[in-house]
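> Chains as they are written, first to last, in my numbering: chain A, 1 to 325; chain B, 1 to 325; chain C, 1 to 338; chain D, 1 to 338.
Heads up, a few of these hints could be off.
[What the hints assert, rightly or not] To be clear about the criterion: a stretch of chain B counts as covered by chain A if any three or more of its residues have a C-beta under 8 Å from a C-beta of chain A, and this derived list gives those stretches:
#1 75–89
#2 123–137
#3 264–274
To be clear, the hints were calculated from the coordinates, so they are not data collected in a lab.
Values in this document were obtained by computation on a predicted structure and should not be read as measured data.
Where a beta carbon is used, it is the ideal one built from N, C-alpha and C, also for glycine.
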Amino acid sequence: MSQMNMVQSINQALAQEMERDQNVLVLGEDVGVDGGVFRVTEGLLQKFGEERVIDTPLSESGIVGTSIGMAVYGLKPVVEIQFSGFIYSAFEQLISHASRIRNRSRGRFTCPLVVRTPCSWVSRGLEHHEESTEALFIHTPGLKVVMPSNPYDAKGLLISSIRDPDPVIFFEPLRLYRAFKQEVPDEIYTIPIGEANVVKEGTDITLISYGAMMSSVLEADEILKGNNINSEVINLRTLSPLDKDTILKSVKKTGKCVVVHEAPLTCGLGAEISAIINEKALLNLEAPVIRITGFDTVVPLAKLENNYIPDVRRIVTETKNLMKF
Amino acid sequence: MSQMNMVQSINQALAQEMERDQNVLVLGEDVGVDGGVFRVTEGLLQKFGEERVIDTPLSESGIVGTSIGMAVYGLKPVVEIQFSGFIYSAFEQLISHASRIRNRSRGRFTCPLVVRTPCSWVSRGLEHHEESTEALFIHTPGLKVVMPSNPYDAKGLLISSIRDPDPVIFFEPLRLYRAFKQEVPDEIYTIPIGEANVVKEGTDITLISYGAMMSSVLEADEILKGNNINSEVINLRTLSPLDKDTILKSVKKTGKCVVVHEAPLTCGLGAEISAIINEKALLNLEAPVIRITGFDTVVPLAKLENNYIPDVRRIVTETKNLMKF
Amino acid sequence: MPKLSDEEIKELYRLMVQTRVFDEKAWKLQRQGRIGTYAPIKGQEASDIGTSFVLSKNDWIFPTYRNMGAYITRGMPLEKLLQYWSGDERGQKIPENLNIFTLAIPVGTQPLHAVGLAWAAKKQKKDVVVLTYMGEAATSTGDFHEAMNFAGVFNLPVIFVVENNQYAISVPRSKQTKSETIAQKAIAYGFNGIQVDGNDIFAVIKATKDAIEKSKQNNGPSLVECVTYRLGHHTTADDYNIYRTEEEVQLWSQKDPIERLRRFMENKKLWTKEFGDKTFKEAEENMEKAIVAMESLSKPKPDEFFDYVFANQTNSIKMQREYLLKYLDEKEKEIRFP
Amino acid sequence: MPKLSDEEIKELYRLMVQTRVFDEKAWKLQRQGRIGTYAPIKGQEASDIGTSFVLSKNDWIFPTYRNMGAYITRGMPLEKLLQYWSGDERGQKIPENLNIFTLAIPVGTQPLHAVGLAWAAKKQKKDVVVLTYMGEAATSTGDFHEAMNFAGVFNLPVIFVVENNQYAISVPRSKQTKSETIAQKAIAYGFNGIQVDGNDIFAVIKATKDAIEKSKQNNGPSLVECVTYRLGHHTTADDYNIYRTEEEVQLWSQKDPIERLRRFMENKKLWTKEFGDKTFKEAEENMEKAIVAMESLSKPKPDEFFDYVFANQTNSIKMQREYLLKYLDEKEKEIRFP
Ligand SMILES: Cc1ncc(C[n+]2csc(CCOP(=O)(O)OP(=O)(O)O)c2C)c(N)n1
Ligand SMILES: Cc1ncc(C[n+]2csc(CCOP(=O)(O)OP(=O)(O)O)c2C)c(N)n1
Ligand SMILES: [Mg+2]
Ligand SMILES: [Mg+2]
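Next up, chain A with everything else stripped away, as it sits in the complex (with noise of 0.2 Å):
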């Protein structure tokens, strides 16, 4: 055990998987020398080699669709795309092939290929810095999306990740990748990929969130408990596939749903939730399922940042209005 931030135990599943397994390499821009702009891949171009720690041109579909063909002939790439808001030139290397690979060719060829990315609104962030796109991968058949929210969480989800036999597309959220540090043990462990962490049991509503919202959604559930609501929070860790079966099942018990997330609220991963929700536990529902996410419209600059994120205060008082419904 060891307190660590993001960025350490992240570091530490990348160096201990490519330590326990030869075939998985880092590749990226500015992964090697660098150690990466947010030096989550510091030291292991020393410890691994200039083979296995890439640094590439800058080429975001280029080092998508290498990545392919490497994982196809038995290499586990881990691609870092420096940004989330550029990985749209590799959108089509994405979703036309790295989806599809093991389909097309009926199971000859497979992709078993992480994408890592930092996401996520950053305080003062530039233009295309800040972007919470994961409705676009969730809604790709064949993708996986993971995004931790802890510490904890991104050293077993991405170990799993790698692990994977299909395309993960693994999001960190750049304003977790130091905000604090956590218990994370030393040995390596995994979190079942697909599966959705009940992270505090309740009985009044559910509130469900994951990635960097989960901390103000456990802040506002700490204000709630002095309003005498009893929340239960529930960590979605994977965005796809969904585990219905714990969001049903926590709302067929409160009876009541809030979703958070910072993407857009159009055909976000919220809506695919209240429909969820709305299909199989309708008569549980003693409220409308709401969402509280970003607008839509682009992540304003520093000036106005305050204003697009969904913030403690808007997660506390959105909910009290519901238990009131």
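Starting from the known structure of chain A, fit chains B, C and D with the ligands onto it as the hints suggest.
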């Protein structure tokens, strides 16, 4: 008035807008000499010349990216992407630029661009020739998304899209191109973007759909009528911005709702509609909002294609089941 | 003239004839509604077959929708090819013993996979060269550029074979790029490009062999531009009369690569009418057998397309699959979409 | 040596000093928390300013995050630049009278817009040349390739200015591409590329003028590679000591383009200590004024970021905006997310 199929009505809309406005031009792969692989741009080169009807290199990002530059400079490019399954390499240009240039420049620059692209399942299509990824664009702030479901709508909506001051993704359901003819006015007319069309009023249940699935929904509606189910049928026409008012008004009246689309289930437009209804009309709901959609898989090739697409029987069966809820 | 035994030259001829027979027959099958859309290779056989012929078994090819000649040269069963074109994905499962990658439809996107595979092979110190096919229009895509650049930077054993058949559907080569040759594009990436007469199978073989040799000596990638011509329509859905003259097609017909090889062989006394007839007849028999085999394949099971979404079926996929099966069973009362 | 009047040479010097002063001050402002991340141009002023200086008012530039020299040369108010870096999008609204495109962050994506604008201008028979800036790493992107190809095919009046400053953050030029020069990449597209000493402002001007001349005569695009060096860190978030030696930086410091111009001017008796001091002092005064102006700007209204999603506000945007305003008003009982 003439009897036209959708290819003809779109062709007429293009010709008339090009006639009316010197700044409108058409570009894409094979749109000139060939008249488009579906003949949608047939005759335009002869009428308007090479400067306004442009065969481009095979570069989707290049086509969209240069069109952005042209739109900024006052032209009105109407881009054809040969199949929506090939739009992904232009995704970054659409998502990071076309949709944001107005915002990024605080209105100094704007991007009145139309991207026409065939979509949807078609019998015996090759891979990537039958995709329904409208949700990716609906989720993106700053884009409008339109999908006609008959020749009449196609003409009016396309003319509106061309005149719209912002970028519009105009999806053309491939299997409707020559599926049927309809009376279409020879004059110019517009159909407003952002407004759904209540195709048929009814009281028992609301059926919502768009694009090629509308034909199946209308057929299903006929059968349901024979079963004494009086549906209200909504054709969305515009997918973003969504006409929530029309949806909510209808569901508040009927208390029941089925959304039909062929795009994959998870995080599709059906999820958004279900979520909106949940949020704003929960107390009016007498049954869950259900989604009848494509599966979360790649669209299979010919041998299994019929098993993928929601068909009339599925719509009828599910609706009848729902009526008994 | 590359070094080739008489038997090898005959084999080349046989492969070209087999490909031509496949092509013409596939066209007819589509017209009869027995398979779906098909993209003919007619006229490009020398480029396709010459390049694949000189590879070793452990080398790889990455074909496109048009490289039936390459597929056949590498030993792909004809009925699997037909199965694919008939709309059955199971035809895309390449037999385990063949180093052929499953074709992808989006133009220009596969060279990156080829580069990645070559990179992995190099890292694993395997003696492997990777050959990736494309048309001249593919060179306009961003992915082509990134693939070429990676191949150069990491000095990888890849050969980019561009079959410049003069058209991208209706768009002529001259509108595709202003560079005088496709071959010169390699200069942008710091390696060699060579332009050859793609209808001269010996020229094609020579250029490919040189490129292979170079790669094997760890001297990195090459681009081989084969100047050729698509004698047929783009696909069964196309009509080339809209965008080119019959005279142009006729002109190129006279350069038919099969006829060229035949004349060469005749001069060398390697071709007799008897040999020609026999070769043709065998090719036709192979094709007939393949058609029978393809048409007697059982239909895929109805839920087959759920099998390969993930290695391990997710709950959601499981439920959707069960729903479909129930639905197909027509017990309509029970179904409810998951 | 291009033809330049003494006054023009002095103006070049003034612009370079102004850019340097802006750069160093912006760095400090970031360190003081008064603006956000900043990407310095130090060392590249000759490439930036030389290329923009020779354009006419109706020509266009497409700058990146690093081209503060180009912005300043084209007359962009300093306080607008600072306003942008301070995290206020209103700073990105280019004044109507300036033909500067709003910068975009994704590397390599803007040349396509430049090509499109040049294309539109050509169609409208406007006398316009478009100059698009990028770093050497941008040439690795697919969009660069497609932009170059379109510019070639449609013979457009565009100049691709590549400021090859040897690094993409930490990645050195040698790992970016195997081509010996960036200039030679133009060969792939059938037009000219030229490599110049990017720290020699006269060489830069000469090459740009030639390219402009060529474009004006309808002879299409050019690529100008300016070989230069980023003397500073990549941005305020970077530390170059991780990936390069101080010796290397020192070596390039000796080629500082401002000092080079100064020496030239001194030889020509165009520079005196007095002139130098005055130029520097004026530049500092301009900067101080700009800082004051920027810091006394009113905050944008809280819902300002809803203003430019669409020309005509949609219902949904309207409701979200109203929700935000209500929420900020802290009447918490009433809010409910739309
Ligand atoms: C990315 C992409 N865009 C468009 C298409 C549609 N399309 C199929 S083949 C083709 C032309 C390809 O030309 P070329 O690369 O020269 O190959 P050829 O067909 O001539 O062999 C086009 C435009 C596609 N398959 N992929
Ligand atoms: C598409 C994209 N990928 C990654 C980044 C992150 N990034 C910002 S600048 C940079 C290096 C750019 O190098 P170069 O093009 O040489 O320009 P320079 O910064 O040296 O001026 C990178 C990787 C980005 N902005 N855009
Ligand atoms: Mg071709
Ligand atoms: Mg650079």
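> Indicate, hint by hint, whether the structure satisfies it.
Hints and how they fare:
no. : hint    : result
1   : 75–89   : holds (count 3)
2   : 123–137 : holds (count 5)
3   : 264–274 : holds (count 9)
In the structure shown, no violation is registered for any of the earlier numbered hints.
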